[in-house]
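**Student:** Put together the whole structure using the sequences plus the hints.
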Amino acid sequence: MLPAFVAAPLSAEVGNSTNGGRDMAFGSAAAPAPGPVSGQHSRIVRLAEWARFGIPVPEDAPALVTGLYERHQPRPQTLVLGVLGPGERLVASASFNQETARPDGWEYRNALLSRLRRIVPHDLRRRTPTRTAVLLCCRFGEPGWTAVDGAWMWGLRDACTLHGLRCGAYITLTASGWQVMGAEPSGSQPAAARSAEPRNEPVMASAHSAEPTSPGPAPRITA
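For the sequence shown, position 169 (counting from the first letter as 1) is numbered 172 according to the numbering used here, and the numbering increases by one without interruption.
In case anyone wonders, no lab produced these hints; they're calculated from the structure.
Note that this is a predicted model, so its numbers are computed, not measured.
Label pairs and their in silico Cβ distance ranges:
#1 Arg128 x Gln192: 35 to 45 Å
#2 Gly147 x Gln76: 23 to 33 Å
#3 Ala196 x Thr131: 35 to 45 Å
#4 Ala104 x Arg129: 29 to 39 Å
#5 Arg128 x Ser191: 34 to 44 Å
#6 Phe56 x Gly90: 14 to 24 Å
#7 Glu187 x Glu52: 13 to 23 Å
Here a beta-carbon is modelled for each residue, glycine too, at the ideal position from N, C-alpha and C.
**Tutor:** Okay, here's the thing in structure tokens:
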């Protein structure tokens, strides 16, 4: 069951101690080692297939990764979902934890779609997507592709289709640094912690205002 969220004005802070993540809307309201795919082949994207999709590579990947990392401070087993507007400007983002012992792209798609609906309105009425969603996966292990990565890649692409967004980069963040999956951009910093320290204090989620991404009131954040 997804954690409960409460509505808050853009200048307020929203407490969220149940999912260890943060939602940030601007201007609108460790994975296990690679193993067998085990029954969910159709819901996992492998690198060769990902390359055929023509997923756009960020023009300034280091700045994007650093921006997401600084806003959410992810620890291993944390996902950071970002939505980019024109010029790759970050207009909204959310971080959350998700169980990865049995990777399933369908479950991951639902988790991503739920967060997208909370932080940005859909663009399904547009003929061509104007915004792009990217996903940063902070996890244990090596930066190379795993079945968990493949399931998140499947989920990201499908969630973007259902929300009217362009599917953007899938990025891993490990102890050795970050890597845009299926592309060349990579770096040693930022990097994931080598161990996941337990969070004893409540995690606060903040909403920030910026130039609106669409007309109308800020979306309501609800359970």
